[in-house]
Amino acid sequence: MTQPLNRRTFLCGATATVATVAGAGVLASMDSSLTETLGDTLEGLLQKQYQRMTPEEIQEALARIERRARRRQGVTIRCVNTPPRNQVTFGFALNLSRCIGARRCVEACFRENNCSEHNQPYIRVISLPKGSWDLTRGDHGFNPATVPEPDRWYLPVQCQQCEDPACVQACPVGATWQEPDGVVVIDYDWCIGCRYCQTACPYWARRFNWREPLVPAARMVSETHYLGNRPRMRGVMEKCTFCLQRTRQGRQPACQEACPTGARIFGNLLDPEGELRYVLEHKTVYRLKEELHTEPKFWYFTDV
Amino acid sequence: MRVLLGMGWSGGWRYRIWLLFLAMLAIPGVSGWVEQQTEGLSVTGMSDAVSWGWYIGQFVFFVGIAASAIILVVPALVWAGQEWRTVALIGEAMAVCAVCASLLFILVDVGRPERFWHGLPFVGTPHFPSSILSWDLLVLLVYLFLNAGLGYWHLRHRLQTRIHPESHRLLPWILVAVLAGIGIHVVTAFLLAGNPSRPFWNTALLAPRFIVTALAAGSGWMILTLVILRHVAGLVVADPVWTLLARVMASVLLINLIFLASEFFVAFHRPSGHSLFMQSLWSGQGDTPFHGLWMKGAWALQVCATVGSLWALWRGVTHGWLVCAALLTVAGIWMEKGVGLIVGGFLPTPLGEWASYHPTWIEYRVTLAIMAMVLFLFSLLVRIILAVEARTR
Ligand code: SF4
Ligand code: SF4
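From first to last, the protein sequence lines stand for chains A and B.
Start counting the first sequence at 99; every next residue gets the next number (the working numbering).
Start counting the second sequence at 846; every next residue gets the next number (the working numbering).
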């Protein structure tokens, strides 16, 4: 069926043609980096959730992340997606008798994970008066001339990698989940930034990118993991991942390495010979807010 | 549809200026939102400590208005007389607009709105049935379509046949709509109450109290709307409507006082984590405008509203008193159930820290814009309803 060409359809058609030609012209005249940017942006927008991507799609996503880092921050990074290892479930134990409140872990974690200058660190060390467990009496910004102070004790808190995580349950889009090695991760490209997970976490472990992250190129750690310390963007959530970019390759997390007193013990919960299992079996260990039943894989203990 | 839309746009110069005014009111907010999108949510007063604020507060309040608009007036379509018909349609319109408002408040609150499709079935990965937020979005959308559909069908029926649909045909839909109305507000309460990490919200009283305060604020809001429409659009509202709204308002306010009193008892008899925020209102901890006067004022207004509405009933529902009571009710509940309750839940943080939250001008501007847009829609809908009534009388 043909219709007489009226003024209106003609105008519509003409406009559409002009727009298409102009669009194609603009695209063709752009230099390759611009078209690459455009392509990356579009593909990034349509990218699937990490667990639903095919291996090829993941490789493309990793390449995009590397390109973006070069373009935006002017740094060369390598981004991988090392899978969890078989028969490994990570856990942590922290010796409160040894912690002197030096906050080296806080600093090392911040650097290793390419955290934004605008954000608070993942680890929070709370200085409490001796004899008290009342967190509302804690000092979060303590800054004495020397640590430890005689009348205080120190409680470092970070993501407890809960076995039944309140944050994962809360997320409306499945952007955060628990990996087979027990680490709770976030797909920064899938998170919609609703912050419900932050509300649900009893350990105040999650950090939101309230603005475009700022990581000076000079301190960018270049070995990165898709689910770990790769560059993040504005409007998404992040948190401690037990440094999975390191620990999945058999290394220790940055906080453990940095602690000057050896208060931190990290390891595989499934390894009966490991130091972590020794501590769990021979010390009186306890978990923070155990009564909320998120089943943290993070224990505290003391020497006495 | 086209006929109905045409009716919405037609009106005298006063009506047109009103629409224009609303559109202008939205402009600063839209630009504020653009700024928020380019800069990040750092342009708001929110932080990791108080990570929901003004926006989510408005969201919670408007879900309540949406729920109560239906619970209050739609059953009247079946069981009450002819004088309720127009009022019921206006209630439908109010519900639709309030749901739109709450959805918009969520939209402006998220960091990555362009990724909203991640929550849709098939293309995205909605987290059913674990995430209460997924549930909340689902019930809100269902409620929106249900009410919009019901209202549209009702109007069209009226326009074509010149009579209101028969009660028995409406009944099943109305039952579903009322259940969904209770549903949206209960799920919204669970969204907060279901967090052991936030002891201030973590109480079984939250959902019942939400329903009660929603009914109170909803009837107050309805009274104010009808009074305004009587003046500007010559809407005739029969006496039984006023009496019923006044009675509902007074009785739910009384129940609300009992709930409030038991909150106070639990908080102050033997203090616990749940009482930290309420105690901070007197101990001077914390640093937000929502500490101290704001919450205390909200509670005081609710007490005054209760007394006022009882007084209005006793005096035989005179409009002056009724309007006063309605104003106090809406203000008191808006202050508490909006931002006061939200900020209170975040303080102190789960690690015991007292943080500050000061909303910024951007937050106020965006809020104003959303309210203006929704009022715009409401004006159109009311216009259509009144025009249909006029044509079929
Ligand atoms: S500590 Fe918080 S963020 Fe970490 S797994 Fe548990 S609930 Fe989630
Ligand atoms: S902020 Fe991101 S990870 Fe957290 S609940 Fe929302 S979408 Fe999920």
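Mixed in with the good hints there might be a few duds.
Stated by the list, open to error - Heads up, incomplete: computed chain A residues facing chain B, CB under 7 angstroms, no partners named: (1) P270; (2) V271; (3) G291; (4) W302; (5) R305; (6) N366.
As the list claims (entries may be wrong) - To list a few chain A residues with every Cβ distance to chain B over 12 angstroms, as calculated: (7) L143; (8) G199; (9) L233; (10) P248; (11) V255; (12) P278; (13) Y294; (14) A303; (15) H391.
Quick caveat, the hints were computed from the structure, so don't treat them as lab data.
The structure displayed is predicted, hence computed values, not measured ones.
Note that the Cβ used here is the ideal one computed from N, Cα and C, for glycine as well.
Problem set entry | Which numbered hints fail | 6, 7, 9, 11, 13, 14, 15
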